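Listed here are the chains, written in short residue letters.
There are 2 protein chains.
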Amino acid sequence: MATTETLTAERILEATEEVLRRHGPAKATVVDVARALGVSHGSVYRHFRTKAALREAVTMRWLDRTTGTLSGIVTEEDRDPEDRLREWFSALFAAKRRKAGDDPELFATYSVLAGENGEAVGRHLAELTGQLTEIVRAGVDAGVFTTTDPATTARALFHATGRFHDPVYAPEWEQPGIDAEFEAVMGLVLRGLRA
Amino acid sequence: MATTETLTAERILEATEEVLRRHGPAKATVVDVARALGVSHGSVYRHFRTKAALREAVTMRWLDRTTGTLSGIVTEEDRDPEDRLREWFSALFAAKRRKAGDDPELFATYSVLAGENGEAVGRHLAELTGQLTEIVRAGVDAGVFTTTDPATTARALFHATGRFHDPVYAPEWEQPGIDAEFEAVMGLVLRGLRA
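Protein sequence lines, in the order shown, are assigned to chains A and B. Numbering of the first sequence is given in the UniProt record's numbering, commencing with residue 1 and proceeding in unit increments. Numbering of the second sequence is given in the UniProt record's numbering, commencing with residue 1 and proceeding in unit increments.
Keep in mind that the hints are not guaranteed to be accurate.
Far from chain A, some chain B residues (derived; all Cβ distances over 10 Å) [stated by the list, open to error]:
#: 1; residue: 68
#: 2; residue: 71
#: 3; residue: 86
#: 4; residue: 191
Stretch by stretch, here's where chain B covers chain A in the computed footprint (C-beta under 8 Å, at least three residues) [claimed, not checked]:
#: 5; segment: 149 to 160
#: 6; segment: 185 to 194
With the Cβ distance kept under 10 Å, some of the chain A side facing chain B (calculated, not the full set) [to be verified]:
#: 7; residue: 116
#: 8; residue: 146
#: 9; residue: 163
#: 10; residue: 166
#: 11; residue: 182
To be clear, the hints were calculated from the coordinates, so they are not data collected in a lab. Just so it is clear, the structure is predicted and the values come from calculations on it, not from any experiment. Note that the Cβ used here is the ideal one computed from N, Cα and C, for glycine as well.
All chains should be built: construct the whole structure from the sequences, respecting the hints.
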């Protein structure tokens with residue numbers, strides 16, 4: 001039945017996620033993915049030349065799911081930059097928390113994949129801090145933020161809030177008091193940004 | 001030869017650290033510690049009632065080595081609070097970095113022990129944020145810092161700087177640019193604190 005649909009990269013990635021969910025990152029193979037789709041493994045290799053390329057692509061797809069939500073906040077240029085910055089971090093924290101809380105096994109699987117795909121993670125982080133830089137620059141232009149170097153400040157904001165988005169802290173995200181901690185850190189760094 | 005000295009808790013803890021260094025956290029036993037000291041394991045148990053108590057004590061001793069250096073900075077009450085705060089975090093970062101860089105295996109061993117001894121780690125973190133609270137309160141009293149809740153602000157400062165003291169980030173501490181990242185985060189949070 002599956003073979004009657006066109007085999008797209010997206011369908012392969014969906015199936016790969018399912019296979020990863022079932023077998024875990026150590027055991028999932030391209031043959032498992034092909035079997036789940038009812039196609040030959042050669043068909044999978046026509047879209048992703050190696051197993052490593054497939055694993056990197058599925059990792060990027062997982063990471064990009066967060067980036068999409070956030071880019072909408074960046075482009076709302078008529079809104080106060082401080083409000084946007086706060087909302088951007090709230091949305092990032094909410095998205096990470098949901099991923100970790102709703103499906104802890106898949107989250108752990110992707111943590112393993114992220115560890116293997118440093119370059120993909122680097123691109124993802126560069127995209128996120130790039131979004132932040134845009135909001136910081138908008139605040140400087142509007143006269144509400146002060147910094148001589150928006151890109152460095154954006155990275156500092158990202159590092160200062162790591163507790164609320166770095167997957168190593170996922171166990172903390174279910175602790176009582178984490179929302180108050182988030183508010184305290186955000187309050188401190190936003191105050192540090194104000195002109 | 002070792003038995004001619006009095007068997008103190010400190011000597012047992014020193015020997016325990018050596019045994020942990022040699023055998024790793026999974027294999028180190030009380031019998032190994034007793035053998036290293038040339039005493040019976042009963043003599044060790046007279047100081048530490050269980051293996052778990054010994055492991056917790058050696059973890060606390062490792063953690064407390066950092067706390068001692070820092071408490072000196074807290075008590076220099078004639079110095080500017082902002083200078084003290086910056087120096088406190090620099091000293092904490094330097095101490096952690098030295099521990100991780102000089103003896104990575106022992107650092108990894110203590111990371112395992114810290115994971116087992118959540119209560120000891122909790123006490124250690126409470127002591128550190130307690131020290132920070134004192135400096136923040138001194139800054140508020142001197143009119144150079146602003147916050148209505150020094151303890152919450154101290155925890156926010158600690159969380160915002162986690163990249164520079166949380167052992168999970170140890171691999172980052174040898175990366176080029178980490179000092180500039182530290183300066184950027186410190187600059188941001190100190191600005192957020194200023195009255």
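Worksheet item: Which numbered hints turn out to be false for this structure?
Response: 4 and 7
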